[in-house]
Amino acid sequence: MRRTGSGRTALLAVLALLATAPAWAADIEFYQTVDRTEVGTNDTFKLTVVVVDAPSNGKVRLPESDDFEILSSSRGSQRSISLSGGGPAVIQDITRHELLMRATRPGRMTIPPATLTVGGRTLRTDPVQMTVREGRAGNTPQAQQGGRPALPDPFRNFRNAPDPFRDEPDEDDAPVIPRGDSDLFLRASLDRDDLYVGEQATLSLYIYSRVDLSSVDAVTMPKLEGFWTEEVESPTQLTGEQKVVDGIPYRAYLLRRRALFPVKSGTLSISAAEADITTGFLFAGHRVHRISNALKVKVRPLPSSGAPPNMSNANVGTWRLSLDVSQTRVELGQPITVKVILDGVGNVKNVTPPKLTGPAALKIYEPTTTDRLTPNRNRIQGRRVVEYLVMPQRTGTFTLPALQFPFFDPSRRQYEVARTDAVTVTVEAGAGGVSSLPSTMTPSQVADAANEQKNVLTASGLRPVRHQAHFVGPTQPVWLRPYFLVGVLAPLGLLAGVAFIGGLRGQLASRSQAGQGRQQAKAARKRLAEAEKLKAGADAGAFYVEVEKAMVGFLEAQLGSPVGGLTREALGAKLATAGVGEEARTRVLFVLEACDLGRYGGGVDPGERRKVLATAAAVMEGWAG
Numbered sequence: 001m002r003r004t005g006s007g008r009t010a011l012l013a014v015l016a017l018l019a020t021a022p023a024w025a026a027d028i029e030f031y032q033t034v035d036r037t038e039v040g041t042n043d044t045f046k047l048t049v050v051v052v053d054a055p056s057n058g059k060v061r062l063p064e065s066d067d068f069e070i071l072s073s074s075r076g077s078q079r080s081i082s083l084s085g086g087g088p089a090v091i092q093d094i095t096r097h098e099l100l101m102r103a104t105r106p107g108r109m110t111i112p113p114a115t116l117t118v119g120g121r122t123l124r125t126d127p128v129q130m131t132v133r134e135g136r137a138g139n140t141p142q143a144q145q146g147g148r149p150a151l152p153d154p155f156r157n158f159r160n161a162p163d164p165f166r167d168e169p170d171e172d173d174a175p176v177i178p179r180g181d182s183d184l185f186l187r188a189s190l191d192r193d194d195l196y197v198g199e200q201a202t203l204s205l206y207i208y209s210r211v212d213l214s215s216v217d218a219v220t221m222p223k224l225e226g227f228w229t230e231e232v233e234s235p236t237q238l239t240g241e242q243k244v245v246d247g248i249p250y251r252a253y254l255l256r257r258r259a260l261f262p263v264k265s266g267t268l269s270i271s272a273a274e275a276d277i278t279t280g281f282l283f284a285g286h287r288v289h290r291i292s293n294a295l296k297v298k299v300r301p302l303p304s305s306g307a308p309p310n311m312s313n314a315n316v317g318t319w320r321l322s323l324d325v326s327q328t329r330v331e332l333g334q335p336i337t338v339k340v341i342l343d344g345v346g347n348v349k350n351v352t353p354p355k356l357t358g359p360a361a362l363k364i365y366e367p368t369t370t371d372r373l374t375p376n377r378n379r380i381q382g383r384r385v386v387e388y389l390v391m392p393q394r395t396g397t398f399t400l401p402a403l404q405f406p407f408f409d410p411s412r413r414q415y416e417v418a419r420t421d422a423v424t425v426t427v428e429a430g431a432g433g434v435s436s437l438p439s440t441m442t443p444s445q446v447a448d449a450a451n452e453q454k455n456v457l458t459a460s461g462l463r464p465v466r467h468q469a470h471f472v473g474p475t476q477p478v479w480l481r482p483y484f485l486v487g488v489l490a491p492l493g494l495l496a497g498v499a500f501i502g503g504l505r506g507q508l509a510s511r512s513q514a515g516q517g518r519q520q521a522k523a524a525r526k527r528l529a530e531a532e533k534l535k536a537g538a539d540a541g542a543f544y545v546e547v548e549k550a551m552v553g554f555l556e557a558q559l560g561s562p563v564g565g566l567t568r569e570a571l572g573a574k575l576a577t578a579g580v581g582e583e584a585r586t587r588v589l590f591v592l593e594a595c596d597l598g599r600y601g602g603g604v605d606p607g608e609r610r611k612v613l614a615t616a617a618a619v620m621e622g623w624a625g
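Numbering (full-length UniProt numbering), first residue to last: 1 to 625.
In case anyone wonders, no lab produced these hints; they're calculated from the structure.
This one's a predicted model, so the numbers in the text were calculated from it and none came from an experiment.
Just so you know, even glycine gets a beta-carbon here, dropped at the ideal spot from N, CA and C.
Treat each hint with caution, since some may be false.
[Stated by the list, open to error] With beta-carbon atoms standing in for the labels, derived distance ranges: (1) L373 x A307: 21 to 31 Å; (2) G285 x S56: 31 to 41 Å; (3) P55 x G285: 39 to 49 Å; (4) L238 x L373: 22 to 32 Å; (5) R413 x E593: 43 to 53 Å; (6) A307 x G537: 48 to 58 Å; (7) G107 x P303: 44 to 54 Å; (8) T586 x M311: 41 to 51 Å; (9) T426 x F484: 54 to 64 Å; (10) T426 x E593: 56 to 66 Å.
[Claimed, not checked] 16 Å max Cα-Cα, derived EDC-like pairs, lysine to aspartate or glutamate: (11) K363 x D409; (12) K223 x D181; (13) K355 x E331; (14) K296 x D421; (15) K355 x E366; (16) K298 x D194; (17) K349 x E231; (18) K549 x E582; (19) K46 x D67; (20) K355 x D421; (21) K59 x E29; (22) K535 x E608; (23) K363 x E387; (24) K574 x E556; (25) K298 x D421; (26) K298 x E69; (27) K611 x E532; (28) K46 x D93; (29) K363 x E621; (30) K522 x E556; (31) K549 x E593; (32) K339 x D421; (33) K296 x E225; (34) K526 x D539; (35) K339 x D371; (36) K339 x E366; (37) K264 x E274; (38) K264 x D324; (39) K46 x E29; (40) K363 x E593.
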């Protein structure tokens, strides 16, 4: 028995399938175009390789040449459906490869053909002839291609307009969907993979998922050897955005974003990141482990041509240098605050501003450094402030020299120098007319000098400009008054009493002078014992102040005159005049200088404190011997 029904049904099914199937082009279309054929060595141009109706196993090899460098590449696909004449739908799958390129030298050059391998057959596009001039060609890009008409550019009127997104990081190539983990995979990408030493590249780590995510339990970032890194973004919650990869919709979740600053040249490798991810909700969750792709970065050394001497590789970016001086006219004893400020885009925490210098009359203490990062559109930028305390040592007019900061600007590919102007400081005598400061000022004295109030009125206000006088009539003469004789004799008696008391005190003082010296020396040794208790404490300033007071008190007891306001040279001369040996003088000056440095320079080393204390004790004991 013949089964005609089943045969008719099969035939109808085949016809229906043919009616709905796409009418593929007889031949594959494969060609390449450029947006202009005349460029300069500083210009970029776009090469587009187009494949129409290529089978899924077709492999495209993009053109390569030493005469051109590929700055970036992208790939996009689209499907075109057309209906005409009531016939079947004509469907075309179009794939575009876009390369942003730049010529490496001037001359007449050729971009080699791209190739497409399909089923053992190789198709080639036509080569493209390019004319390259030195510098910039300046012509407007126009679509030019071999044997195909150019379509009008709808955005040609906007090419010279400023790009509002020029600071945004470039989008990386679309991620490749892995075969085994197509529903959930980890992707690491860089906004640029060809840069200079010290220039920023931004590393982004995403999860691409077509399933529900519950949590990310652990993230292991790649090994970043050869990079200085700064955190840009680290979300605490999973927030996805819609992305389409090869026509498949995904939810993309940002895990980490870091700024990378290469510290050496060459091809640097970034290993794969790893993450433990829980999918599903509540008790239906399933934990999976995913590994991202590895990356490579080509890092170029800074150009040797025009490089300033001794320039650091960290000085890369765009920088501005400035000085902030609290005051330029100051009284002796008043400190000056000078801030060296470096603003710009680059590795803020690794850059080193120039050091502040000045004449010997301006004592410059060790600075403090503060940083403030303000990332903008994934680019690290901010401010580094180095603050100095400057203490004038004598009156006069002095100059803080101008500062220079050389750096390499990768956007311009050239070296620049940020500069400041010199600052003139005028130091005037204080209220007491002192023209120089003692060499040993404690921190409390510096703070008191800074906080001292000037030109404060009394409670009664200003005195009247003119004296208000009044007149009375004549009275009895003074010599006729009863207290006149007592008033005349009283000064004579007072003078005699003062002379008697002064002589008595002189005799007592001469007899007890040696005893007083011993008492003062004893008090100095007692103060040195108090310093022994502060030796291991956290307050280094208190220890050095106590040692200095003990030494000054001991010297005054032995020399019989004050030494607190003397300079080092004057004190040494006075000790020599008093017959003190050179070794003892050297120890005294060492102790006082160490106390000065310990108060203002930190003095946190316990060994240094023990040495200072032992030297002071040796001075006192040796003197007594």
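How the hints compare with the structure:
no., hint, result
1, L373 x A307: 21 to 31 Å, "holds, 27 Å"
2, G285 x S56: 31 to 41 Å, "holds, 35 Å"
3, P55 x G285: 39 to 49 Å, "holds, 40 Å"
4, L238 x L373: 22 to 32 Å, "holds, 25 Å"
5, R413 x E593: 43 to 53 Å, "holds, 51 Å"
6, A307 x G537: 48 to 58 Å, "holds, 49 Å"
7, G107 x P303: 44 to 54 Å, "violated, 23 Å"
8, T586 x M311: 41 to 51 Å, "holds, 43 Å"
9, T426 x F484: 54 to 64 Å, "holds, 58 Å"
10, T426 x E593: 56 to 66 Å, "violated, 29 Å"
11, K363 x D409, "violated, 35 Å"
12, K223 x D181, "violated, 23 Å"
13, K355 x E331, "violated, 25 Å"
14, K296 x D421, "violated, 43 Å"
15, K355 x E366, "holds, 10 Å"
16, K298 x D194, "holds, 5 Å"
17, K349 x E231, "holds, 12 Å"
18, K549 x E582, "violated, 22 Å"
19, K46 x D67, "holds, 15 Å"
20, K355 x D421, "holds, 14 Å"
21, K59 x E29, "holds, 14 Å"
22, K535 x E608, "holds, 10 Å"
23, K363 x E387, "holds, 14 Å"
24, K574 x E556, "holds, 11 Å"
25, K298 x D421, "violated, 39 Å"
26, K298 x E69, "holds, 13 Å"
27, K611 x E532, "holds, 12 Å"
28, K46 x D93, "violated, 22 Å"
29, K363 x E621, "violated, 34 Å"
30, K522 x E556, "holds, 12 Å"
31, K549 x E593, "holds, 13 Å"
32, K339 x D421, "holds, 13 Å"
33, K296 x E225, "holds, 12 Å"
34, K526 x D539, "violated, 20 Å"
35, K339 x D371, "holds, 13 Å"
36, K339 x E366, "holds, 12 Å"
37, K264 x E274, "violated, 26 Å"
38, K264 x D324, "violated, 34 Å"
39, K46 x E29, "violated, 20 Å"
40, K363 x E593, "holds, 14 Å"
Going through the hint list in order, the structure does not satisfy hints 7, 10, 11, 12, 13, 14, 18, 25, 28, 29, 34, 37, 38 and 39.
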